[in-house]
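With chain D held as given, fit chain F onto it using these hints.
Here is how the chains run, residue by residue.
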Amino acid sequence: MLLDGGVHALRVAAAAPAGTSAVLLELGVVLLVLAVLGRIAAKLGIPSIPLYLLAGLLMGDGGFIPVSAGEDFLAVGAQIGVVLLLLLLGLEYSPQDLQHGLRTTWQAGLVDGLANGAPGFVLGLLLGWSMTASLLLAGVTYISSSGIIARLLDDFDRYANRETPVILSLLVMEDIVMAVFLPIMAVLLVGASLVQGAVAAGIAIAIVAGAFFISLKFSAHVSKVVHSHSRELLLLSVLGLAFVVAGLAEAAQVSAAVGAFLLGLTLSGQVADDVRTLMPPLRDVFGGIFFVFFGLTIDPRDLVPVLLPALALAVVTAATKVATGMWAARRVGIGPKGQWRTGVSLIPRGEFSIVIAGLGITAGIQPQLGPLAAAYVLILAVAGSLMMRFAARIGPPSRWVPAALSRS
Amino acid sequence: MDIYETPLPGVGVRYEFTAESGDRVGIVVRRDGKRDLGLYDREDPDACTGTLELSEGDASALAELLGGTNITARLESLRHQVEGLAIEWITMPTSGGLANRTIGDGHIRTATSASIVAVIRDEVGVPGPGPDFELRPGDTVLVMGSEHAVGHARQILIG
Chain D
1 MLLDGGVHAL
11 RVAAAAPAGT
21 SAVLLELGVV
31 LLVLAVLGRI
41 AAKLGIPSIP
51 LYLLAGLLMG
61 DGGFIPVSAG
71 EDFLAVGAQI
81 GVVLLLLLLG
91 LEYSPQDLQH
101 GLRTTWQAGL
111 VDGLANGAPG
121 FVLGLLLGWS
131 MTASLLLAGV
141 TYISSSGIIA
151 RLLDDFDRYA
161 NRETPVILSL
171 LVMEDIVMAV
181 FLPIMAVLLV
191 GASLVQGAVA
201 AGIAIAIVAG
211 AFFISLKFSA
221 HVSKVVHSHS
231 RELLLLSVLG
241 LAFVVAGLAE
251 AAQVSAAVGA
261 FLLGLTLSGQ
271 VADDVRTLMP
281 PLRDVFGGIF
291 FVFFGLTIDP
301 RDLVPVLLPA
311 LALAVVTAAT
321 KVATGMWAAR
331 RVGIGPKGQW
341 RTGVSLIPRG
351 EFSIVIAGLG
361 ITAGIQPQLG
371 PLAAAYVLIL
381 AVAGSLMMRF
391 AARIGPPSRW
401 VPAALSRS
Chain F
1 MDIYETPLPG
11 VGVRYEFTAE
21 SGDRVGIVVR
31 RDGKRDLGLY
41 DREDPDACTG
51 TLELSEGDAS
61 ALAELLGGTN
71 ITARLESLRH
81 QVEGLAIEWI
91 TMPTSGGLAN
101 RTIGDGHIRT
111 ATSASIVAVI
121 RDEVGVPGPG
131 PDFELRPGDT
141 VLVMGSEHAV
151 GHARQILIG
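Those sequence lines, one after another, are chains D and F.
If you number the first sequence the way the UniProt record's numbering does, the last residue is 408 and the count never jumps.
If you number the second sequence the way the UniProt record's numbering does, the last residue is 159 and the count never jumps.
Some hints here could point you the wrong way.
[Claimed, not checked] Here are the simulated SDA-like cross-link-like pairs (lysine to any residue), alpha carbons at most 20 Å apart as the crow flies:
no. : chain 1 : residue 1 : chain 2 : residue 2
1   : F       : LYS34     : F       : TYR15
2   : D       : LYS217    : F       : GLY84
3   : F       : LYS34     : D       : ASP273
4   : F       : LYS34     : D       : MET279
5   : F       : LYS34     : D       : THR277
6   : D       : LYS217    : F       : GLU147
7   : D       : LYS43     : D       : ASP157
Rather than coming from a laboratory, the hints here were simulated on the basis of the structure.
Small disclaimer: the values here were computed from a predicted structure and weren't measured.
Looking at chain F on its own, in the form it has when it is part of the complex:
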């Protein structure tokens, strides 16, 4: 699924995607944390037929009801607290880098000071993978650290 991201200067960010039913859904994440959930008009696809205004808490409650994980919400609040912390989701390439090798092979922690916090494989999350965890092509690796360290770690991971 493609999610389009559009900056709304002075307001926040708008995300939109087309649901499998063909309905288009838009979510505005405002800078103060409020969310506007908009359902677009089929006749006039630029306008919303209705908008739902949600607080930050409402939004995560709704997300949980809809079956989403709250991992991104947690990460987001973490990012607010720690200035200069970068978090990146890196998808493993089919070959090269650390594909089909263990995390320990990359010496990421010692070489870059960034940490691999979790690996997501086939929709299943593996939190805190050890050094002997073998990375496979297509895995999503969640790396955290300073911006520089994360960039360096990405190079090691994808080669």
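Pulled out of the complex, with its shape left as it was, chain D reads as follows:
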């Protein structure tokens, strides 16, 4: 009997599709590449996101290492990565954070959106792109990377600095704006007319408002239902809920990412605390797959023609971010050096720029959007992080500082 059981197990293994070993091998290699790159990034003191992107570019079509067998899994893994990225982003914020953020920073948020979205939008139009594709590019240039910036603020011990609340509030505002922006874009991408677009925008805003309302009034109830003291059951509940909500949102053409973000906002209290400690490793693994997959979908040869526009866009939007940040910090009475730190800290772009560009790629609207966004994020994730690190040494440019304050 024992022998029979053993043989049976072997048969099951043998019955697996012929390509299984190739899939496992490829996935293993991809994950190991991520692991090595992550270590290199940590050594160099730069975020790992640009390296993951680069790895994706170098693999796959037109790259050095072909990845084909595992592509289906990577595609699903990337989708899971987006859902987890946004779920945890939503979990980061309590309803109070959002209320406070909206009340105190909406003006700075508005300036931030206009000053940093406009360059992307204009460049899109200059390149002869459609309205929708240009709007997506505006989103790419607008949104700073909460992931990279929060991580670096921690690494550089800047949480206690007086300008830090300004930076964090701006990041919150951007995330709120994105919760409205993404669903509107999702509708525009399926080729809606202006009227349909307006209706869709209304619905999107209503859904977001609804989620905010639930998160403000009923999050304790929702969270109580989901919570469990077993880590396994808690993970299963939250992951299951996240995928169901994301799937439903996707089916309703609101984008899975937005669904996950809104679910994250709705959960709070003990559930949020527990999930925040449990889920980050999972998010980082699948998030890594997301960046690799995004790189995989782009042929590195397509990067060459967009390199100059990406560089120009990077320079312009780095400057507009610095200006926005300095303005926002000055309004709350931060000194010149702190203003400079605020501005520089907002430069890094990362995960959300890629999420937004990914929407365009899936919809297939503008073949250049993906390569341009990839090059842009590569430049600003690395350059922005380095500028944050050396902010004190490179600035602020002395002529911006009144003579009386610049003694040192």
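Using the frame of chain D, we list chain F on its own:
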């Protein structure tokens, strides 16, 4: 002494105050319980010259070494455990409410279900004051209960 509280969205809360020496001190209480203690730069008052990262345990050990009581730390952990428990410090007015009257006069326990856990008078804490304890203007009364009950109790106390 004024302690300023600033929310740090996604991170926690930052408290800051100016010491009598003129140095400014900032403490970030992160959501996971870790504390960052920062000493601000005199030249650039927005930035820290140094930061000390403390675990929750480190922080209460340091507080005790510095001569603080650990009553707030205890209360905080209590608040984590009991969902819906509100704790409020209420300063007694010069007149009106229960000023110069006994706790029993207010019938707080029966009317609101909130409890007076302690009274602090001139930096001295009186834990578990009885119904015949007389409240004086300036006393700090520590009330615990559901949010609603505590709100009701505050009305009775300060009139």
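Structure-based check of each hint:
Only pairs whose Cα atoms come within 20 Å are accepted, and F:LYS34 paired with F:TYR15 is accepted, the gap being roughly 14 Å. Our distance criterion of 20 Å between C-alpha atoms is met by D:LYS217 and F:GLY84, whose separation comes to about 14 Å. For the hint pairing F:LYS34 with D:ASP273, the CA-to-CA distance comes to about 14 Å; that is within 20 Å, so the pair holds. With a CA separation close to 19 Å, the supplied pair F:LYS34 and D:MET279 stays within the 20 Å bound.
Taking the CA atoms of F:LYS34 and D:THR277, the gap is about 13 Å. The hint holds against a cut of 20 Å. Between D:LYS217 and F:GLU147 the alpha-carbon distance is near 15 Å, which keeps this suggested pair within the 20 Å criterion. Of the supplied pair hints, the one linking D:LYS43 and D:ASP157 holds, its CA atoms being roughly 18 Å apart against a limit of 20 Å.
When held up to the earlier numbered hints, the structure conflicts with none and fits them all.
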